[in-house]
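**Q** Sequence:
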Amino acid sequence: MEHSDFMNGRQRKMAGGATLPENMRSTNRGEISASEPEVDDEAEGLIRGSDSEDRRPGRVRPGIRGELGNVLLLLFLYVLQGIPLGLAGSIPLILQSKSVSYRDQAFFSFVFWPFSLKLFWAPLVDALYFSRFGRRKSWLVPTQYLLGLFMLYLSVTVDSLLQDEKGPDVVTLTAVFFMLAFLAATQDIAVDGWALTMLSRENVGYASTCNSVGQTAGYFLGNVLFLALESANFCNKYLRMEPKDTGIVTLSDFLFFWGVMFLVSTTLVAVFKRENTPAKGKKRVPEETQGVTETYKLLFSIIKMPTVFTFCSLLLTAKIGFSAADAVTGLKLVEAGVPKEQLALLAVPMVPLQILLPLVISRYTAGPRPLDVFYKAFPFRLLIGLEYALLVWWTPSVKQEGGFPVYYYAIVLLSYAVHQVALYSMYVACMAFHAKVSDPLIGGTYMTLLNTVTNLGGNWPSTVALWLVDALTSKECQGAAGQSCGSPAEAGLCVKEGGVCVTTLDGYYVESVVCVVIGLAWWVVLGKKMRRLQDQSPAAWRCRANQ
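Using our numbering, you'd call the opening residue of the sequence shown number 1 and step up by one each time.
No lab work stands behind these hints, which were simulated from the structure alone.
Hints are not guaranteed to be accurate.
[As the list claims (entries may be wrong)] Computed cross-link-like contacts, DSBU-like style, restricted to lysine-lysine with a CA-CA straight-line distance of at most 30 angstroms: (1) Lys-528 with Lys-98; (2) Lys-244 with Lys-376; (3) Lys-528 with Lys-304; (4) Lys-475 with Lys-166; (5) Lys-98 with Lys-297; (6) Lys-137 with Lys-237; (7) Lys-529 with Lys-376; (8) Lys-475 with Lys-399; (9) Lys-98 with Lys-376; (10) Lys-137 with Lys-297; (11) Lys-137 with Lys-273; (12) Lys-475 with Lys-496; (13) Lys-98 with Lys-237; (14) Lys-436 with Lys-528; (15) Lys-529 with Lys-436; (16) Lys-529 with Lys-297; (17) Lys-475 with Lys-304; (18) Lys-304 with Lys-529; (19) Lys-399 with Lys-237; (20) Lys-529 with Lys-98; (21) Lys-304 with Lys-376; (22) Lys-376 with Lys-528; (23) Lys-496 with Lys-166; (24) Lys-376 with Lys-436; (25) Lys-166 with Lys-244; (26) Lys-244 with Lys-98.
All chains, full assembly: derive it from the sequences and hints.
**A** What follows is the structure, given as C-alpha cells:
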C-alpha cells in the first residue's frame with residue numbers, strides 16, 4: 001500500500017488486507033497521504049467461498065445484525081492501529097518546520113519501513129501463542145499495551161525531544177516511533193487474522209471494510225486532525241474568537257489521551273472478549289495452522305522461481321524515478337512557508353477521487369495484460385515529478401503577507417489530483433497482475449510476498465532521496481570573508497562571523513532531474529521487459545513446491 005503523498009513528504013505504508021485511499025498507506029498506503037493500498041488476499045478467497053455457498057437453493061443470508069458487536073470491535077481496533085501511523089506521518093512536517101537536515105529526515109523515514117517488512121515476522125505471530133488465552137489475543141493484548149505505554153512515555157518526553165537546545169533529538173524520536181510502527185504492524189497481523197475468524201463465513205467480507213475504513217479514520221485523526229488542532233494559526237483563524245499562541249491540542253496532550261485509550265480498551269478486550277465463541281446459527285471460518293518453518297520455506301521457494309525473481313527485481317527498482325517527487329516535495333513546500341496543516345487538509349477533498357479511481361481503472365486492468373496500463377502511466381508520473389519541482393520553485397514568489405492565495409492551493413490540489421491518477425493507474429495494474437499470476441494453491445502467501453516487494457520498492461528510494469538532498473545542495477557564506485557553509489559547524493561559524501548561508505544550488509532540483517532521467521531509462525530498457533512477463537505461461541508462475 002504505497003501511497004506517495006507529497007503532502008506529508010513521506011510515504012505512508014498501510015498494510016493489512018484492505019484497499020486504503022499514501023502510504024497511506026501506505027501508505028502511505030497518504031502524505032497528504034497517498035499510500036498505495038494493499039489487498040486482503042485471504043479475505044477475498046473466503047468471500048468467494050462464502051458467496052458460492054450462499055447461492056445454494058433455499059439459503060438465506062443471515063445478515064450482519066447478529067454480529068454487529070464484532071464488526072464494531074474490529075472497526076475500533078483498526079482505528080487504534082491508524083493513530084500511531086498518522087502521528088508518525090505528522091512528525092516529518094513538524095521536524096521540517098524546525099529546520100532539521102534532510103539527512104535527519106532520511107533517518108526518520110525508517111519509521112515507515114515496518115509495515116513493508118511485516119511479512120518476515122508474520123509467520124511467528126501466526127504460529128506462537130497461548131492457546132488458553134487465545135491465538136490472536138496472545139499478540140494483540142501485549143502489543144496494544146506496549147503501544148499505550150510508548151505513547152504515555154512520549155507524552156512526557158516529546159516536547160524535550162523536539163525542543164532540545166541543539167535541535168530535535170531525531171535519533172530518539174526515530175527509535176520510539178519505529179517501535180510504535182513495529183508494534184502497530186504486529187497488531188495489524190493479529191487483527192487481520194482475528195478478523196477472519198471473529199466473523200462468520202457469511203459476514204467475513206466486512207473484515208476488509210473495517211480494515212479500510214478503520215485505518216483511514218485512525219490515520220486521519222492522528223495526522224490531519226491533529227495537525228489542524230495543533231496549529232495556532234488554524235485554530236485562531238477558524239475555531240477561536242480570541243487568538244492564542246498555541247493550538248487547541250498539543251502533541252503531548254494528544255499522545256497522553258490515546259495512550260490512555262489504548263490501555264483502557266486493551267484491558268476491556270483482554271477481560272471481556274473471548275476468541276472463537278460462535279454466534280448462534282453462524283458458521284466460523286477455520287483457522288490456518290501452517291508451521292513457521294513451512295511458511296519460510298514456501299516464501300523461499302517462490303522467490304527462487306526465475307519469473308518471480310525477475311519481477312521482484314523490477315518492482316524494487318521501478319520507483320526510483322519517482323522518489324524525489326514523492327519523498328521530498330512536501331517537505332520543500334513546508335520549507336518554502338506553506339503551513340503544514342494546510343497541506344494536510346488538502347487530503348480531505350482527495351478522498352472521493354481515491355475511492356473512484358480504482359473502480360474506473362480496474363475496467364482497463366481486468367484483461368490479460370494489466371501491466372500495459374502500468375507501462376503507459378509510467379512516463380506521465382515521471383513528468384508530474386518535474387511539475388512538482390516547478391511548483392516548489394514557484395512557491396516563494398506566490399507567498400503574500402497573509403499567507404498564500406486561494407488559487408495557489410487550487411493549483412497544488414490539481415497537481416496532486418493528476419498525480420493520483422497516474423499513481424493509481426500503476427498501483428491497480430500492479431495489483432491486478434499480482435492476482436493474475438499468483439499460484440491459487442498458495443495465493444495468500446504469494447500475493448503478500450509480491451505486495452511486500454512492491455512496498456519495499458517505494459520505501460528504499462524515498463529514504464535514499466531524502467539522504468542525498470543535503471549532499472547535492474551547494475551553499476556559500478555571504479557577508480563573512482573566508483567562511484563557508486559546507487557543514488553545520490561551518491554554517492554556524494559563518495553566522496557567528498556576521499555572514500549568512502545562501503543556497504546556490506538546491507539538491508532537490510538536481511534529484512528531480514536525475515530521478516526523471518533514471519526513470520526514463522528504466523521505462524525504455526526494463527519497462528518493456530516487465531511487459532513481456534505477461535507473455536509467460538501460467539506454469540512459469542506456479543510454485544513447484546505445490547506441484
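**Q** Now, for every hint given, state plainly whether the structure supports it.
**A** Checked hints:
1. A hinted pair counts as satisfied when its Cα atoms are at most 30 angstroms apart, and Lys-528 with Lys-98 does not qualify at roughly 44 angstroms.
2. With a C-alpha separation of about 51 angstroms, the suggested pair Lys-244 and Lys-376 falls outside the 30 angstroms cut-off, and the hint is violated.
3. For a cut-off of 30 angstroms, the pair hint linking Lys-528 to Lys-304 stands: about 22 angstroms separates their Cα positions.
4. At roughly 21 angstroms between alpha-carbon atoms, Lys-475 and Lys-166 fall within 30 angstroms of each other, so this suggested pair holds.
5. Our distance criterion of 30 angstroms between C-alpha atoms is broken by Lys-98 and Lys-297, whose separation comes to about 47 angstroms.
6. A C-alpha spacing of about 45 angstroms is found between Lys-137 and Lys-237, which places the hinted pair above 30 angstroms, so the restraint is violated.
7. Note on Lys-529 and Lys-376: the hinted pairing holds, with a Cα-Cα distance of about 14 angstroms set against a maximum of 30 angstroms.
8. Using a Cα cut-off of 30 angstroms, the hinted pair Lys-475 and Lys-399 holds, with the two alpha carbons roughly 23 angstroms apart.
9. Taking the CA atoms of Lys-98 and Lys-376, the gap is near 40 angstroms; set against the 30 angstroms cutoff, the hint is violated.
10. This hinted pair checks out: Lys-137 and Lys-297 have alpha carbons roughly 27 angstroms apart, not beyond 30 angstroms.
11. A threshold of 30 angstroms between alpha carbons decides the hint, and for Lys-137 with Lys-273 the separation of about 9 angstroms falls inside it, so the pair holds.
12. Note on Lys-475 and Lys-496: the hinted pairing holds, with a Cα-Cα distance of about 16 angstroms set against a maximum of 30 angstroms.
13. Our distance criterion of 30 angstroms between C-alpha atoms is met by Lys-98 and Lys-237, whose separation comes to about 22 angstroms.
14. Taking the CA atoms of Lys-436 and Lys-528, the gap is about 19 angstroms. The hint holds against a cut of 30 angstroms.
15. As the CA atoms of Lys-529 and Lys-436 are separated by approximately 18 angstroms, the hinted pair is consistent with the 30 angstroms bound.
16. A threshold of 30 angstroms between alpha carbons decides the hint, and for Lys-529 with Lys-297 the separation of about 28 angstroms falls inside it, so the pair holds.
17. Pair hint Lys-475 plus Lys-304 does not hold up; C-alpha atoms about 47 angstroms apart against a cutoff of 30 angstroms.
18. For the suggested pair Lys-304 and Lys-529, the alpha carbons sit about 19 angstroms apart, so the restraint of at most 30 angstroms is met.
19. About 18 angstroms separates the Cα atoms of Lys-399 and Lys-237, which keeps this hinted pair within 30 angstroms; it holds.
20. Proposed proximity of Lys-529 and Lys-98 is contradicted: the alpha carbons are some 44 angstroms apart, above 30 angstroms.
21. Of the supplied pair hints, the one linking Lys-304 and Lys-376 holds, its CA atoms being roughly 29 angstroms apart against a limit of 30 angstroms.
22. Of the supplied pair hints, the one linking Lys-376 and Lys-528 holds, its CA atoms being roughly 11 angstroms apart against a limit of 30 angstroms.
23. Between Lys-496 and Lys-166 the CA atoms are separated by roughly 16 angstroms; this keeps the pair inside 30 angstroms, and the hint holds.
24. Between Lys-376 and Lys-436 the CA atoms are separated by roughly 19 angstroms; this keeps the pair inside 30 angstroms, and the hint holds.
25. At roughly 27 angstroms between alpha-carbon atoms, Lys-166 and Lys-244 fall within 30 angstroms of each other, so this suggested pair holds.
26. Between Lys-244 and Lys-98 the CA atoms are separated by roughly 20 angstroms; this keeps the pair inside 30 angstroms, and the hint holds.
The earlier numbered hints that this structure contradicts are 1, 2, 5, 6, 9, 17 and 20.
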